[in-house]
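Heads up: the sequence lines are chains A and B, in that order.
Using full-length UniProt numbering, read the first sequence as starting at 1 and increasing by one per residue.
Using full-length UniProt numbering, read the second sequence as starting at 1 and increasing by one per residue.
Think of the hints as simulated: they come from the structure by calculation, not from any bench.
All C-beta atoms in this analysis are idealised placements derived from N, C-alpha and C, irrespective of residue type, glycine included.
Treat the hints with caution; some may be incorrect.
Which residues of chain A face chain B? A partial, calculated answer using Cβ under 8 angstroms [to be verified]:
id	residue
1	7
2	15
3	16
4	22
5	29
6	34
7	42
8	44
9	50
10	61
11	65
12	90
Chain A regions said to be covered by chain B (calculated; three or more residues, Cβ under 8 angstroms) [said to hold, decoys possible]:
id	segment
13	51-59
14	93-99
Over the 12 angstroms line for every Cβ pair with chain A, so calculated as not near, a few chain B residues [what the hints assert, rightly or not]:
id	residue
15	11
16	19
17	61
18	85
19	105
20	132
21	138
22	140
23	175
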Amino acid sequence: MSASRRSRGLWVAGLLVALLVAGVGSWYASGSPDGLEWAAEETGFAHTAEDGAAADSPLADYAVAGVGSERLSGGLAGVLGVAVTLLLAGGVTLLVRRRGREPAGAGD
Amino acid sequence: MHVPDGFLDAPTSVATGVVAAGTVALALRGARRELDERTAPLAGLTAAFVFAVQMMNFPVGAGTSGHLIGGALTAVLVGPWTAVLCMTVVLLVQALLFADGGLTALGTNVSLMGLVAVGVGYGAFRLLRAVLPRTRTGVLTAAGIGAFLSVPASALTFVGLFALGGVADVPLGTVATAMGGIHVLIGLGEAAISVAVLGAVLAVRPDLVHGAAALRRPADLARRSAPAEVGVR
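Only chain B is shown next, with the shape it has when bound in the complex (with noise of 0.2 angstroms):
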């Protein structure tokens, strides 16, 4: 998914860019009301935990591959916000070093796996909690349906800036049914990761994860006070 320079005309690029720069500056004062000192550390950890999945191609088809976004798991895991700043700074690493994704396209890869799919995938889960079962199962369903919807959203978004300013004169309803086609397909995958990754974290530890705070009963709340702090509550 990593949009390389050349692809979309100046105009286009600068314009993400600066939609990227502003959901960047958002997030840093949304970020604060989700990290405290339990879940900063989680927060850092989940970045590079998202660079290494993003390594690990899978094969999709014939002669094709996709990669983990995650978007949507870091979102269920540490929070929206939170999540902006770590797909962000996992696109900045892979830009400036490993010339992953062009350096004039940083802003439209943010704008497409930090805002969109961290944007829809959360936005899909968090109308799909409310209407499942407050259950570990009903977490699960609802960050995998998130999950799987942030990456055709990501590719069909990526098709609308097409749209507005590729450089290439190729017939849009072709290229949006071959990106929407494909990312049909990764975001199986994606499902499968992140539905993969937040069970194991869901059970060893609930408590830490910002989209299951449902889950969080007072008596497992009360459970893990120090006695000082139960009269309080």
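So that you can see chain A by itself, here it is in the shape it has in the complex (with noise of 0.2 angstroms):
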């Protein structure tokens, strides 16, 4: 009963490190271009990528349409994206998971 309860003080506090960083971190974050990008510009072949299908989203590079503040528009796609992600990927791993209390490690 005390690892269930320490499972679940594991898991909000990864919530929360991921909420603080998505949030408020993220404000923070280098806008230097990551490798691919630099190392498209360094060798010539930057200025083939293309705007995707996704690029007019209201949530597009990070910032929600309509929020004038950059930080606080950065912040709420950041914990937007935490919630979309962790409803979708809890969902799958739910789905998937074996049901019951099967012993752990009966499967491998």
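Put the two chains together into one complex; each comes in its own frame, and the hints tell you how they fit.
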């Protein structure tokens, strides 16, 4: 019983860290081009990048359309992304998992 | 590392899409062996955590940045098949909602960060686990090296795809040098973040870490089991 309580503790702590990183920490992230963008510019194929079909998404480039403050907009986008990812990935893994109280490692 | 639309031609994108779809189909079967009532909620959280940390670009040298891929870390935490599913969800959300990584390039990105990063990272981890001491330090060392290798491996796989179907006509050698060189540096960041996160989880719940099964000593298991279950074992 104490194990399941500590499991919940780990889960809540992990979610809080994820929300803080995405909602607050991301403001301080480096805005420099990433490794691929840099290499594409250095070697001369960056210009072949095209805007994808999602470029008009209200959340494109980690900003919420219509929110004036850049900081708030980026933070909100991060929190929304964490929530959607948690719901989708949580849903998939809950659907796929072994049901019931099979002993741990029974399928290994 | 997120590949935008346009870098690779249509046949290459279709081919990586087929590879990605096949990998996800296999992962949906394989993950069933890794996920139970205890570990499934942790897997969903791990995906959300990877999404968050991928937003934290860290500076790499002058005018360049990198961010965690997270494939190796996720595989060690929740198992390789589950990691493929987690990475796919992260990349899907990034491409569809945030326009980070192209839509026609989604198969490419799943192949690079879901399949190659997870496969190389976890493969190296398992190989090293076999030769390193069965201690927490051994697990962390193996995970750190696996995480490090996963990044240049993904980058060089992109170079391979670029050789097959890159739209621009640029010398392949310079692309390989630039991609490989910068991603060796980013790999050091990948290793540092992966070891820090794994170390924190190992400190509180080593029993929930897929890749640390050998650390579960019989004495620990007996202590954690309810008294009624001890007789059965």
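These are the hints, each one checked on the structure:
For residue 7/A, the shortest C-beta to C-beta distance to chain B is roughly 7 angstroms, which falls under 8 angstroms, so the interface hint holds. Residue-level restraint check for residue 15/A holds (minimum Cβ-Cβ distance to chain B is 6 angstroms; threshold 8 angstroms). Because the smallest distance between the Cβ of residue 16/A and any Cβ of chain B comes to about 11 angstroms, over 8 angstroms, the interface hint for this residue is violated. Given the 8 angstroms rule on beta carbons, the hint for residue 22/A holds: about 4 angstroms separates it from the nearest Cβ of chain B.
Here the hint on residue 29/A is kept, as its CB sits about 4 angstroms from the closest CB of chain B, short of 8 angstroms. The interface hint given for residue 34/A is met, as the beta carbon of that residue sits about 5 angstroms from the closest beta carbon of chain B, less than 8 angstroms. About 5 angstroms separates the beta-carbon of residue 42/A from the nearest beta-carbon of chain B, less than 8 angstroms, and the hint is met. A hinted interface residue such as residue 44/A counts as satisfied when its beta carbon comes closer than 8 angstroms to some beta carbon of chain B; here the least separation is about 5 angstroms, so the hint holds.
Interface hint status for residue 50/A: upheld, as the beta-carbon distance to the closest one in chain B is roughly 4 angstroms, under 8 angstroms. Interface hint status for residue 61/A: upheld, as the beta-carbon distance to the closest one in chain B is roughly 6 angstroms, under 8 angstroms. For residue 65/A, the suggested interface contact is broken, since its CB lies about 12 angstroms from the closest CB of chain B, more than 8 angstroms. For the restraint placing residue 90/A at the interface with chain B, the shortest Cβ-Cβ distance is roughly 3 angstroms, inside the 8 angstroms limit, so the hint holds.
Under a criterion of three residues with beta carbons nearer than 8 angstroms to beta carbons of chain B, the stated coverage of the segment 51-59 of chain A is upheld, 7 such residues being counted. Given a C-beta distance limit of less than 8 angstroms, the hint that chain B covers the segment 93-99 of chain A holds, as 6 residues qualify and 3 suffice. Here residue 11/B stays apart from chain A, with its beta-carbon at least about 16 angstroms from theirs, past the 12 angstroms limit. Distance check for residue 19/B against chain A: the nearest CB is about 19 angstroms away, which clears 12 angstroms, and the non-interface claim stands.
Separation of residue 61/B from chain A is inadequate, the least Cβ-Cβ distance of about 9 angstroms not exceeding the 12 angstroms criterion. Under the 12 angstroms C-beta cut-off, the non-interface status given to residue 85/B relative to chain A is violated; the minimum distance is some 6 angstroms. The non-interface label for residue 105/B is inconsistent with chain A: the shortest C-beta to C-beta separation is roughly 8 angstroms, within 12 angstroms. Every CB of chain A lies more than 12 angstroms from the CB of residue 132/B, the least distance being 21 angstroms, so the non-interface label holds.
No Cβ of chain A approaches the Cβ of residue 138/B within 12 angstroms, the least distance being about 20 angstroms, so the stated non-interface status holds. With 12 angstroms as the threshold on Cβ separation, the claim that residue 140/B sits away from chain A holds: the shortest Cβ distance comes to roughly 18 angstroms. Consistency note on residue 175/B: stated as away from chain A, yet its beta-carbon is not over 12 angstroms from all of that chain's, at 5 angstroms minimum.
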